[in-house]
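Visitor: In order, the protein sequences belong to chains V and S. Residue numbering for the first sequence follows our numbering, starting at 1 and increasing by one per position. Residue numbering for the second sequence follows our numbering, starting at 1 and increasing by one per position.
Hints are not guaranteed to be accurate.
The list makes no distinction among identical chains, and a pair is therefore deemed to hold if it is satisfied within one copy or across any two copies.
Unchecked claim - In silico SDA-like cross-links for lysine to any residue, where the CA-CA straight-line distance does not exceed 25 Å:
| hint | residue 1 | residue 2 |
| --- | --- | --- |
| 1 | Lys-536 | Leu-430 |
| 2 | Lys-295 | Ala-362 |
| 3 | Lys-536 | Arg-432 |
| 4 | Lys-545 | Ala-403 |
| 5 | Lys-202 | Gly-248 |
| 6 | Lys-175 | Glu-521 |
| 7 | Lys-555 | Ser-231 |
| 8 | Lys-545 | Arg-389 |
| 9 | Lys-238 | Gln-100 |
Simulated from the structure, these hints should not be mistaken for lab results.
2 protein chains.
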Amino acid sequence: MARWLPSLPILEWGARYDRESLTGDLVAAVIVTIMLIPQSLAYAMLAGLPPEVGIYASIAPLVAYALFGSSRVLAVGPVAVVSLMTASAIGQFAAQGSPQYWEAAIVLAFLSGVLLLGLGLLRLGFFTNFLSHPVIAGFISASGLIIAASQLKYILGVKADGHNLFELLQALARKLPQTNLVTLAIGLSALAFLFWVRKGLKPLLVRVGLSARMADLLAKAGPIAAIAATSIAVWGWKLDASGVAIVGKIPTGLPPFTLPAWNPVLWQQLLVPALLISVVGFVESVSVGQTLAAKRRQRIEPDQELVALGASNIASSLTGGFPVTGGFARSVVNFDAGAQTAAAGVFTAVGLALASLFLTPALYFLPQATLAATIIVAVLSLVDLSILRRTWAYSRPDFFAAAGTLLSTLALGVETGLIVGVTISLALHLYRTSRPHIAEVGLVRGTEHFRNVLRHTVAVSSSVLSLRVDESLYFANARYLEDWINDAVATHPQLKHVILQCSAVNDIDASALESLEAIAERLYLAGIALHLSEVKGPVMDRLQKTDFLRHLSGKVYLTHYQAVSELSPEVCAAG
Amino acid sequence: MARWLPSLPILEWGARYDRESLTGDLVAAVIVTIMLIPQSLAYAMLAGLPPEVGIYASIAPLVAYALFGSSRVLAVGPVAVVSLMTASAIGQFAAQGSPQYWEAAIVLAFLSGVLLLGLGLLRLGFFTNFLSHPVIAGFISASGLIIAASQLKYILGVKADGHNLFELLQALARKLPQTNLVTLAIGLSALAFLFWVRKGLKPLLVRVGLSARMADLLAKAGPIAAIAATSIAVWGWKLDASGVAIVGKIPTGLPPFTLPAWNPVLWQQLLVPALLISVVGFVESVSVGQTLAAKRRQRIEPDQELVALGASNIASSLTGGFPVTGGFARSVVNFDAGAQTAAAGVFTAVGLALASLFLTPALYFLPQATLAATIIVAVLSLVDLSILRRTWAYSRPDFFAAAGTLLSTLALGVETGLIVGVTISLALHLYRTSRPHIAEVGLVRGTEHFRNVLRHTVAVSSSVLSLRVDESLYFANARYLEDWINDAVATHPQLKHVILQCSAVNDIDASALESLEAIAERLYLAGIALHLSEVKGPVMDRLQKTDFLRHLSGKVYLTHYQAVSELSPEVCAAG
């Protein structure tokens, strides 16, 4: 198959599918299905969409990923951060609960799918490298905090909204007196139970004799228990009559067939949010996929993952869903439960379709506060402020990128926050590489080696300046070299020759070439010759295609010692 | 003086000012004044402003630059590209000729001045490195073409406008039948005369015995002759009655004192254009200043230049002017005419103030077509499409940056064009560095050297993989290393150890550290140890501040040979 065509990994594992794989995949699918029912409802609520949309978004995308994905165990569907970004993107154009809102979510999934597919087919996965780790870490932590804060209203049983963390907390504070105490009791109980399940249940199960893996899987069923218990409480005590908000009637049936509404203005306005969602979703998904693949010495292909996530999002938009990506928790459960191939995803999709057909009436009395509690417990694990401490110790520019992203996301919302973060990290990278290390070097007596004059006792000549540049030359540092040499010339009145030792220069781009030409011309006007030494082969090949070497007032020497012994023999003779 | 305070270069040269400097400066000032009168009018017309504004913008800025500038000979004032950018920025918010238009120009100069001053005081000059040479070259050439096209309407004597080259040419084509033939005759004569002055007059003067420098200076007076001749023709033959557009009444008097109008919406909308104008103006100005300073072995200080250009633009905005910067032609004339210090600029300002007081009535009959001809001849020297040929031969990414900037500026206008160019060059830089050279290396038999297995016959072990990374590791290439190692592990089934030879790694940022941690963990899960060798001192110091080395499953070796001889002694023994 031609290299530019996406492959169909299903052909590879499908041909070798056997009974053992089938058992593993079926068991995993049952467990993941049970876990995904509450998660799908909760993330739809977070995205501001009706609960059934969360289930729709968990069915077709799983099948699409099974066809195209290069990971055997990645489970795609709605995830917390992407759901928050969806709510933020659509909230600007439509009111939550309106038909336009759902329509816009479908358009957003479609655009995101097309962008991912395009990046994958054009093999532009490197583009996602714009997002540095500190930016992602700051962004995810901030998103976790915003999501947790956005769910507090359901725990309190009040209405409160805001575009950023501060607006949200303000709105909550104002509504605090209207708290519904029954709702609060349910919410706090669910929170306490879920935290205990996470921290206390697993050790307990291990102590009573279960294997660590089984204990882990059982602990993952905690949300189901919370949902069952609180639903029964609401139903038995008719708590909905006391103002406890419940999920209510969820339409039964398979996902509808939907087409993204053709609305050029909306499409244009959603393009940047769709791009940001795609990149964030892809980066998260690939990192999960790579970690799990490595455990079995398998590998995933990032460009193929772009294609698969693109197909998943398009599948979501065609079946009434919203943007999806590979989720961490569900993929780990899938892996631990023994999924062998992507068929587990297809079986999970079947399970969810059955749930969507028959199970939704059972969720009528499910309190929104319980769903909010499951979200809060899930997202607090995303909040990891240690990135600030670690980058502060390790690298200040990275600290500023992380802290800048965190604060601007909290204060200005997810989209602006992410854009600010990318801008900071790009600017800091350019700043860092814009001042390469340049050393004036001199001859170590008795050798042919040259060392920094500031650190070693070396021989130099007043008419010859030897400079070593420790970096490739490109547009961001070209002018720095010009300035450096201008300075050096102004402070060396007897100068006749400048020699650039290029042993560490792996590349000279067109901007740096222009700078070298400008340097050479200015030196020539001042009666000084410019020479080069130790130019690497590939760099020399490119320079020979230009006029630079022909116009150079000096020469190109193979070694720096040759240059110095010809231009200031007294230095070498003295050595 | 504290390093963060801008200096006052005037204190340095002012203290040593003598009679010889005075003579040089006075002569230069007279010549530059004569040259600047038509230029100021022409660039004001290009910016869409009344002609006197061009003279206003040439007085106070010269004085401000004389106080703060680090170049002795740079002449600031309105220049072609900045005038075009001014027209483009303001044209979106006000109609040419309206009082709002002039007000917005004053605000634009003020904002640009504040931005330049801020960048200078914060020593953020490096920020302008975002503009690579190919982007500038493409942008300046495109601007030259747009400017020339925008002046054709004055040569034809019709009205035609457009936001980009294609709209402009379309509008001109539609209006062609309405051409005023008398205006066309004046315009074409002026064009022909000015081209001849540029190409033919100087050799002629040299042949009749003038020095090359005098011939150059006399040729620079060509526009004055064209202005005098065509003004007299219009006056004598009453050509204005035949529809020849003339400059008309220019108010006499000194520049007014103006304050930028306080209009937050306008300020916000002009911020990005002001930033782009500042950066383009600064880059052009510094390059002129450095070239001229080098001829006399002087130097200029880029951060100080930011302060000086900032002060010049603020001075312009306080005296009814528009954005200014250091101009190439006028600075060269100033230099060639013998200017010794920045006092020449002050004398030029006095000359222009006198012209503004007494000379403007003499310009009443000056045809606009003549001014347009002087602009066209001046800007065609900016158009240099050889950048495309040169970058195509030298470096394809640079070619795409230049061509992308050129085309998008022509098609989408100056602001979008510049932003597209910067985006392309950043993206290409990240792409280029996102795929560092990584080589699997093996032992050259009988030595302790390791070389690329693809290029040399070397000894390797099936259980130990030696990789050399030829680039610093940072966010844009961190994931590439992850992918590379994932691939390598998947294709080496018997692997037990991976050793990264870090001799060419000058930096590891936080993203790359995370990637190394992920690589180490994935290798560990697959039962493979990760080792490092030849880590540079500063990089090692930083790594030691983290948990990475403590969690590393392998070791850090001083030399790669040590690592291999410990991990696969059979390879070294065989050698």
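Visitor: All hints are to be evaluated individually against the structure, with a verdict given for each.
Guide: Results of checking the hints against the structure:
no.: 1; hint: Lys-536 with Leu-430; verdict: both (24 Å within a copy, 22 Å between copies)
no.: 2; hint: Lys-295 with Ala-362; verdict: neither (38 Å within a copy, 86 Å between copies)
no.: 3; hint: Lys-536 with Arg-432; verdict: both (24 Å within a copy, 18 Å between copies)
no.: 4; hint: Lys-545 with Ala-403; verdict: between (46 Å within a copy, 20 Å between copies)
no.: 5; hint: Lys-202 with Gly-248; verdict: neither (33 Å within a copy, 90 Å between copies)
no.: 6; hint: Lys-175 with Glu-521; verdict: neither (71 Å within a copy, 47 Å between copies)
no.: 7; hint: Lys-555 with Ser-231; verdict: neither (85 Å within a copy, 55 Å between copies)
no.: 8; hint: Lys-545 with Arg-389; verdict: between (49 Å within a copy, 11 Å between copies)
no.: 9; hint: Lys-238 with Gln-100; verdict: neither (34 Å within a copy, 67 Å between copies)
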